Each structure stands twice: as C-alpha cells, then as structure tokens.
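Line by line, the protein sequences are chains P and H. In the numbering used here, each number is its position in the first sequence, counted from 1, plus 10. In the numbering used here, each number is its position in the second sequence, counted from 1, plus 8.
Don't read these hints as lab results, they were simulated from the structure. Some clues are possibly wrong.
What the hints assert, rightly or not - Some chain P residues close to chain H (C-beta under 7 Å, calculated; not the full set): (1) Ser109; (2) Pro110; (3) Asp119; (4) Ile135; (5) Arg161; (6) Asp164; (7) Arg165; (8) Val167; (9) Gly168; (10) Ala172.
As the list claims (entries may be wrong) - Cut-off 20 Å, straight-line C-alpha distance, at most; resulting in silico cross-link-like pairs (SDA-like, lysine to any residue): (11) Lys214/H to Asp203/P; (12) Lys175/P to Lys67/H; (13) Lys175/P to Arg115/P; (14) Lys175/P to Leu104/H; (15) Lys44/P to Asp123/P; (16) Lys44/P to Arg148/P; (17) Lys234/P to Gln187/P; (18) Lys175/P to Asp76/H; (19) Lys175/P to Gln100/H; (20) Lys133/H to Gln208/P; (21) Lys175/P to Val72/H; (22) Lys175/P to Gln97/H; (23) Lys175/P to Leu101/H; (24) Lys133/H to Lys22/P; (25) Lys175/P to Lys214/H; (26) Lys175/P to Phe186/H; (27) Lys133/H to Ala179/P; (28) Lys175/P to Leu74/H; (29) Lys67/H to Gly176/P; (30) Lys82/P to Asp125/P; (31) Lys214/H to Phe186/H; (32) Lys67/H to Thr28/H; (33) Lys22/P to Leu101/H; (34) Lys175/P to Thr28/H; (35) Lys175/P to Gly103/H; (36) Lys214/H to Asp200/P.
Since the structure is predicted, the reported quantities are computational estimates derived from the model, not experimental observations. The beta carbon of each residue, even a glycine, is placed where N, CA and C say it ideally should be.
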Amino acid sequence: MTAQVITVTSGKGGVGKTTAVANLATALAADGKKVVCIDGDIGLRNLDVVMGLENRIVYDIVDVIEGRCKLKQAMIRDKHYPEMYLIPAAQTRDKNAVSPSDMVRICNDLRPDADFVIIDSPAGIERGFRNAIAAADRVLVVTNPEVSAVRDADRVVGILEAEEKGSPALILNRLNQALVRNNDMLSAEDVLDLLGIQLIGIVPEDESVIISSNRGAPVVNDPKSRAGQAFRNIAKRIQGQDVPFMDLDLQSGLWGAIQKFAGRK
Amino acid sequence: MEQITSLVQIKGIRDGLLATFSDAPWEDQRMALLAQIDDRPSFFQGARLAMDIGSQILKVNDLVDLRDHLSERSVILWAVVSESPTTEQTAQLLGLATRISRPRPEEQRQFADTITDDTALFVNKTLRSGTRIEFPGHIVVVGDVNPGAEIVAEGNVIVWGRVRGMIHAGSKGDRSAFICALDLSANQLRIANEASAMLKPQIDPKPEIASINSEGRLQAELWHTG
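The shape of chain H in the complex, shown without the other chains:
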C-alpha cells in the first residue's frame, strides 16, 4: 500500500489540492490517487483538485473517466497541468484549466529541441469557442476559427477557413510574422506586440494576409495571386 500511494503526491496549494503524478503507468497512478482519496474521504470531501501529470499523454476518455470517478467522491477536478501539448489540449477541450497560480519551473517542453524555423502544428478541424492552441512554431488550421477561440503561435498562422476568433502570431516578439486566412474577419489580430481591433466583416470574403507594415502598424491586405 505504502508503495502504491507514494506514486502520487498530494499537497495543499493556494487554490486547493495539487496531485503530482510521476512517470509510472497511468492506470497504476489513477488507482493510487483514488485509493488515497478513499482512505480519507472526509479530508477530500468537496476539495478542488489540480493535477500535474508531467509528460503523460492522456486521451479524452482517460480524463473524463477520472473526472467522473472524482465527482463521485465529491472531489472537483478543475485543472490539469501537463508538459504534453496533447494532454493540455484534451484538458482545455474538457473546460479544465491548464495553468495554476504556482507557475511551473521554466523548463523547456520535451519537443522544444526539435522546433526549428519551419516546424508547424497542423490542426485539421474547426476551433470552437473556448479552445486555445499555443505552439512555439507555426500553426496551420484547416477549418474555421470561431469567435471565442484563440490561437497563439511564435511563428506564422495560416487558416484555411474563416477567422472570427483571436489570433496572435509572433507571440515572442517576432515582428516579421504574418497571419493569413481565406476570410480574415477576426475580432482581434495580434502580431508580436501590435494589435488590431475588429476587422470589418466582409460581404464577399477574399483571402487576406496580415502583417506589420513599414510604418510599424498591423494591417491586412488582399492576397494577390499570379
């Protein structure tokens, strides 16, 4: 028992409890966490739990399952902190926070070594309200970016679809970054530290590209072909 429970460390933080997972198999750790809660039900009753799951890659089903088990024990799962972008995205889709007030030590994400100037994240779906995608390279979306969705890239952002959410390209200060889309009626665009307010919705949308012009202002212009 002693050995199982030590797989998951639970401690109090300002926003409730924080469970820190190790690299051991997910199923064992999940059991260990639930066992710890079952050991002291009154202590955990009504608790707000955040989980730091390290580099584990979790699927939607894993998280939903654990959240439901926690619900049954009256423990509210509100945040999942992870080094894996897949897990982080899963958590965000489920409406869970992925940051807690205690910032993670500034360590490079595991895939950071492989990021070069032409590394891009390819997203083949429509991003709905409440989704946030952050990536240290370029981001390519095939689908729409709906109002309330956010994209933050250190490089360029290309959207094969309509943009009506917020897009931030060159988020670490790259002023040469650009954003292009088939229909760029975003409610806000940002490149490096320049922002542009609401762009006019177009009646007959044409592909556009937004960048910082020679006067240092963010502007969008039609995409010229041929």
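Chain P on its own, in the form it takes in the complex:
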C-alpha cells in the first residue's frame, strides 16, 4: 500500500474543514480503506472532538516530532472502524512546534501502511497551513457560498498553484438551494466561475451536521442525512469512482457547469 496524502484546507475559518475531514475519513473507512487523519491545527485542536475521540488522547503529533513516543503510540483507533486512526494535534503548543519537513517525514512513515492520510489544515495561510500542505499529494479546498469564503479560497488556490501543488479540487459546503433560488446566496455556478478549479462535491446545508459534530459521530453514518450522502459521494470520487452529482434542485445552467468540471479530469 502507498497512501495518498490529502490535505483539506480553506483559507477562511469555520467553513467546515474539520467536518469534511471527519466525514470523508469515516466514509473511506466504511468503504474498507485504511485511513489515518492528522489534525494539523496545533494549539486549536478539534478534530478529536468531532470524531468523538477526545478522551482517548495520550500522545499527540508534537510528542511524535519531539521523540517522546513512537508514531504508532500517537495513532488513536476509531471507535467504530478499526482501520481508521487519528493523530491529534497538541493543544498546549503552537504552530511553530511543527515544521513542513516534520509533516513530510510523518506522512512518509504512514504511507506504507495506509490507503489514505487526510490532513486537517488550520485556517489562514501561515505556518500551520504550510505544514499541512507540505506533504500533500492532493489538496481539497473547502468553501462556503459566501463572498468572503470564496475570496480566501481564491487566495489559497493561488498559493497552491505557486507552490506547484497542482490545481486543488473544490468542496462547496453548506449550500442552501432555497436561498440560491431567491438570489440571496452565491450559486455553485458563481463560485466555480470565479475559482475555475475542479468541483469534487457540493454539500447541502443540513442541521444534522451540527448535531452529529456535537455528538462526535460524523454525519456520514446517518443514512437519511443529505449532507452525509454528499460526503459519501465525495469519498467515492476520491477513490476514483464516477458518481453523479446529487440533485439539489438545480437550474440547468449549473448542470452545464458541473458537467464541464466533472468531465475535466
């Protein structure tokens, strides 16, 4: 096995990076893949909470880097999927405790034994962001249909292109189709038009995401949730399967745009 390292980032905070990481990892694990998640937000960790693993943390990524434990000891096994692990961030340190080459080293150590390594990037474009993208084979940019989130995503895409990380794929999170229809929210078409990158999934706004995050049980496990379905589809696309986009009651113009981007692999 040689794991693919995927970094989930956004520029702006609060758009759903951590939720996306927890859900994509869970969906990949449910498909029988071996997945290791890394919380890259040193000092403001929360992936462990969203995944419901907070009380199992003994060692964290800074302990691994500073040699206080072995990599295996910092990998927390998930409650439901024995093939899914979390390497938590340190809460009492800051971003400078990790360097980009530390991340590359850890990911290279993980590669032989996993199918996917998913890194949760902190908000911003500083040190923590650079750590998170250093080892990435593939980058997913999460954004919301809001002008400020899209502008930050645009900046991040520009930096990724400049660092020769290739063009990232886009997850458009929290789209509210009713608001779009009334012209009160940017449409998926508007966002794609500006960013000009490949779309890998649209996640509809869904209350069950908040409820499940607070419970520490990712929403992909809820078969009725539409957001859960969207994340399951993205996980399939990450594995190279061709899954049609969910019907969000979209206008025909948007379909054209989606097909254009989906076909552009």
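With chain P's structure known, arrange chain H on it following the hints.
Structure of chain H alone, referenced to chain P:
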C-alpha cells in the same frame, strides 16, 4: 569560513533582521546564510527575517526550500526585497511581503532603461486574490482579475477576461491612460489620481473601455466595434 559568511550580511532593523545578499551564486549564499544561523542558533531563535536579494532571480522552489529550511531553525521569513520583478512576483505569490519599512534607495530597476512607450508586461494567467502586479509600462492580462488581486501600471491595462479586482492605470499621473476588459465589473478602477467606485456587475457583459473624459471624470463606456 570567514569568507563564506561574509557573502551574506545580517543586521538588525526595526522589523527584525535583514539579510542582504550579494551577486554571488545563490546556492553559496543560501548555504552561508544557513551556516550563520546554525552558528548562533539562540540568537536567531524565533527571529523575523527579511531578505534583500538584490538582482538575483529566484524560482518558487528556491524560495520555498529556503523558507522551509529557515522554519526548521525557527526563523520566520516574512519579506523578500528584490530588484527583479520575477523574484518579487514569486515572493508575492508565496504570501511574503516585498516592501520593508526601510525604503530601498531610489535606484532605477535594471530593466528601466529599456522601458519605452510601448513596453508591456504580458501576463498569461488568471490573477487570484492576493496577487499584485506592478509594472512601469503597460500590462496585458489574458485571464481574469479576481477580487482581491491588484494591477498597477504606469501605462494602460488591457484584460482579456473579467475584471473584479482593483486596477490602476497611469499610476504615475498619466491621465490619458485607459483600462479595457471583456467584462469590467471591477470593484475599483483608478486612472492617474481619479478613482471610480464599484461598477455595476453586468448581466450580459460586453467589452468596455474606461478612461478620463473631457469633464475630468473616470468613466467606462462600451467598446464600439466596426
């Protein structure tokens, strides 16, 4: 050793440390800088470093590599000052500052002699948020100018694409400069010292040209063909 370290001068400035590079080969200077830091790790611990790299032309990989090496030594690279527009652009793409508070002595850039009335910078890509392009002649962009991107030209600016960022033409005061684009819904346009606020986003965009009219106001009008 003495000889190597003297390639790069490091001194304290108001915003941290400033490393001044000479014209010697980049690789030697890079090694010299890292050697100086390794010599006195406690002095450099947590330092904010700006680099004045003169006329060296650096690629993205060179800068990323050096920045990562500096990160490992807990030195934060925050600014790169350069005479080379390529290097300056590289630094800006990486989110580094390209100006520091101590202004560079007003020397002409090396390519300044060759700038004539019809010299233009050709940019064949979309300019994303956070990118700033400055040029002492005209600028031609094939691609979009996204919100948060900035273009400053002493001459005219032509964009074969959508403009939603800020464009300043005739930045040194040329009131005859113009800006034209396929879709000119910029959030701000400036020509010389005139500025126009948000232009209306167009539902069915048509090519437009913006210039200063006879009443001295900046205005955009449709591009008439034929």
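Hint check:
1. Ser109: 5 Å, holds
2. Pro110: 5 Å, holds
3. Asp119: The hint is violated - Asp119/P has no Cβ within 7 Å of chain H, the shortest such distance being about 18 Å.
4. Ile135: With a closest approach of 5 Å, the Ile135/P hint holds.
5. Arg161: Cβ of Arg161/P sits 5 Å from chain H, so the hint holds.
6. Asp164: 4 Å, holds
7. Arg165: Holds: closest Cβ of chain H sits about 4 Å from Arg165/P, inside 7 Å.
8. Val167: Hint holds; Val167/P Cβ to chain H Cβ min 6 Å, cut 7 Å.
9. Gly168: Holds. Min distance 3 Å.
10. Ala172: 3 Å, holds
11. Lys214/H to Asp203/P: It holds: about 17 Å lies between the C-alpha atoms, which stays within 20 Å.
12. Lys175/P to Lys67/H: With a Cα-Cα distance of about 15 Å, the restraint between Lys175/P and Lys67/H holds, given a limit of 20 Å.
13. Lys175/P to Arg115/P: 18 Å, holds
14. Lys175/P to Leu104/H: At roughly 18 Å apart (the allowed maximum being 20 Å), Leu104/H and Lys175/P satisfy the hint.
15. Lys44/P to Asp123/P: Status holds; Cα separation ~8 Å.
16. Lys44/P to Arg148/P: 17 Å, holds
17. Lys234/P to Gln187/P: Measuring from Cα to Cα gives roughly 18 Å; hence the hint holds.
18. Lys175/P to Asp76/H: 15 Å, holds
19. Lys175/P to Gln100/H: 17 Å, holds
20. Lys133/H to Gln208/P: Within the cut-off at roughly 17 Å; holds.
21. Lys175/P to Val72/H: With a Cα-Cα distance of about 12 Å, the restraint between Lys175/P and Val72/H holds, given a limit of 20 Å.
22. Lys175/P to Gln97/H: The given pair, whose Cα atoms are some 18 Å apart, holds under the 20 Å limit.
23. Lys175/P to Leu101/H: Distance of about 13 Å is within 20 Å: holds.
24. Lys133/H to Lys22/P: 24 Å, violated
25. Lys175/P to Lys214/H: 35 Å, violated
26. Lys175/P to Phe186/H: 36 Å, violated
27. Lys133/H to Ala179/P: 18 Å, holds
28. Lys175/P to Leu74/H: Satisfied, since the Cα-Cα distance of roughly 17 Å is no more than 20 Å.
29. Lys67/H to Gly176/P: 16 Å, holds
30. Lys82/P to Asp125/P: Holds, at about 16 Å.
31. Lys214/H to Phe186/H: 17 Å, holds
32. Lys67/H to Thr28/H: 18 Å, holds
33. Lys22/P to Leu101/H: 18 Å, holds
34. Lys175/P to Thr28/H: 30 Å, violated
35. Lys175/P to Gly103/H: 15 Å, holds
36. Lys214/H to Asp200/P: Answer holds: Lys214/H to Asp200/P is near 18 Å, not above 20 Å.
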